[in-house]
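So the sequence lines, in the order shown, correspond to chains A and B.
Going left to right, the first sequence walks through residues 1 to 561 as the working numbering numbers them.
Going left to right, the second sequence walks through residues 1001 to 1034 as the working numbering numbers them.
No wet-lab data here; the hints were simulated from the structure.
Treat the hints with care, as some may be off.
Coverage of chain A stretches by chain B, computed from C-beta distances (three or more under 8 Å per stretch; other residues unrestricted) [to be verified]:
hint: 1; stretch: 204-213
hint: 2; stretch: 275-284
hint: 3; stretch: 434-447
Please read these numbers as outputs of a predicted model, since none were measured by experiment.
Each residue gets a CB set at the ideal place from its N, CA and C atoms; glycine is no exception.
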Amino acid sequence: MRAADWVVLIATLLFIVAYGLWKGRRQGGLDAYLLADRQLRWWTVALSIMATQASAITFLSTPGQAYVDGMRFLQFYLGLPIAMVILSITAVPIYHRLKVYTAYEYLETRFGVGTRTLTSMLFLIQRGVSTGITLYAPALIVSVILGWNIHVTTIATGALVILYTASGGTRAVSWTHVHQLLIALAGMTVALVIAVHSVPVSFFDAVRVAGRMGRLNAIDFSFDVTTPYNFWSGIFGGLLVALSYFGTDQSQVQRYLTGSSVAESRMGLLFNGFVKVPMQFFILFVGAMVFVFYQFVAPPLFFNPVERARVASSRFGHEYAQLERQHEQIVAAKRSAALRLDTIRLRALQRQESLVRDEAMKLMKRNDLAADTNDTNYVFLAFVMRNLPAGVVGLVLAAIFCAAMSATASGLNSLASTSVIDVYRRLIVRDATEHHYVGVSKWLTVLWGVFGIAFAEFASRLGSLVEAVNKLGSLFYGTILAIFLLAFYSKSVSGTAAFTGALLGESAVALCAAFTNMAWLWWNVIGCVVGVVAALGIERLLRPAPIAVPTNGRRRNQAPL
Amino acid sequence: MRDDRKFWRRMYAAVLLNLAFLIALFYAFTKAFA
């Protein structure tokens, strides 16, 4: 890192923290602290929703995913716009009418305190762990590529977020989101422009090379439940994930509860429905262009320099050096084929390169069974550090840290809200003053921040981090969604049936995850369908048989004369 | 902001049409460069 990069990075992060502290300087009661007085306009709501979902993992891991696997991950987001419409029609008016602080508060009015507590507990587990991964992801990647101390990076990022989130509450979180998202997108745009300008062929030829090399596979209509990303899993599984995430996950619900009216909240969600798919396309496209860039410029044999150094200095160092020489020859041949736009030859060389990479990974595993042989998360940052000019590296790093902070802030904010409203105020201290609950919310924000930092210390070796977060969410989203679907649409299901159905749904997901090779997007479908069907079935069993009432000669539904 | 049903029906239709358009566009993109 050069001086210009440090200046850009530190100035951006200090600006964000100072802005957050300033925006959240005036706090009244719980409404102000947890929901920004329910006064935000739709565009703040929209950008806050988007910034919450777009963590550092999105900006680091997604381009790497496109580099390794192409753009098919885009299909994961196809159900999202449909979910935005459904939630705008159903959930938003209900939450606004009931003036709830959390999504789970609504469940008590429908099913009782047991279901509310179960759902909020599932949320606290899942979001607490996810927030840890959200903090861990950029710290890990930055520490590996730049050699920074991972513990210091995690603690510093976490501490900055805790500072403005605990002091300023939701108002600080939502307003900083606006700037964080814009900075993150600016960083990615600059990286894309430089990647495209650095290849010695036209933009159209660069896109053609990416397509012929299988990196622009955005839409695939073939149906297969064992492949994670195709049109069908995206539309059905992605719809359920999005319904559950935006409709029942407090980190998102809290964002649109801050809207000053139903219309402002709706518009925030619908704007997300308009721009999310193109935004993901853009981020994946950056990865595809980095892939094209590395057809002309030699990439490392393996993108994780720590694992590379470890195997190179081991007893397998000689074999690894041989593989590196083979890789250099292949890369030189690829460059000349790419300059001729000979994509048939390029594809053949790509297969050879993959075989050499596989051999290198096997060596790493032979040297150390615990070696991390997935380098997807390091591809983009390695490209940035090696190839972008001074100042721009700082901007991209600032973008990544802004994204990490935005998702973490929403996580902490929602964890504190749920802990205070659904657990502390509901089950522990019921009649304290608003001032007391605001104070507890602040301390719980700090506590959850410390938990996130502590969990980040254990979150290593999870494969592609973007997948890890979504997989973890998919363990719970289907079941939580089942409870909310029953609450929204079924008038007859009781609390006991919903609670038992949810437990059965969660058990079905656990069985699928442990004993089948079903792709994780389908876990959402299983959890939701089993939860709903089991609850409806149990309700039928529990419902007492109708008692025969004498009709005195009238038909049953006939009104008395 | 407008709050009548007709406005919102149009907004929902616009989001869904936008999705259909994007799927068609990205499918064409996939096929054109494959």
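Hints, verified against the model:
1. Counting residues of the stretch 204-213 of chain A whose CB falls under 8 Å from any CB of chain B gives 5; the rule of at least 3 is met.
2. By the rule of at least three residues with a Cβ nearer than 8 Å to a Cβ of chain B, the coverage given for the stretch 275-284 of chain A holds, with 3 such residues.
3. Interface restraint, the stretch 434-447 of chain A with chain B: violated (0 residues with C-beta to C-beta distance below 8 Å; minimum three).
Consistency with the previously given hints fails for number 3 only.
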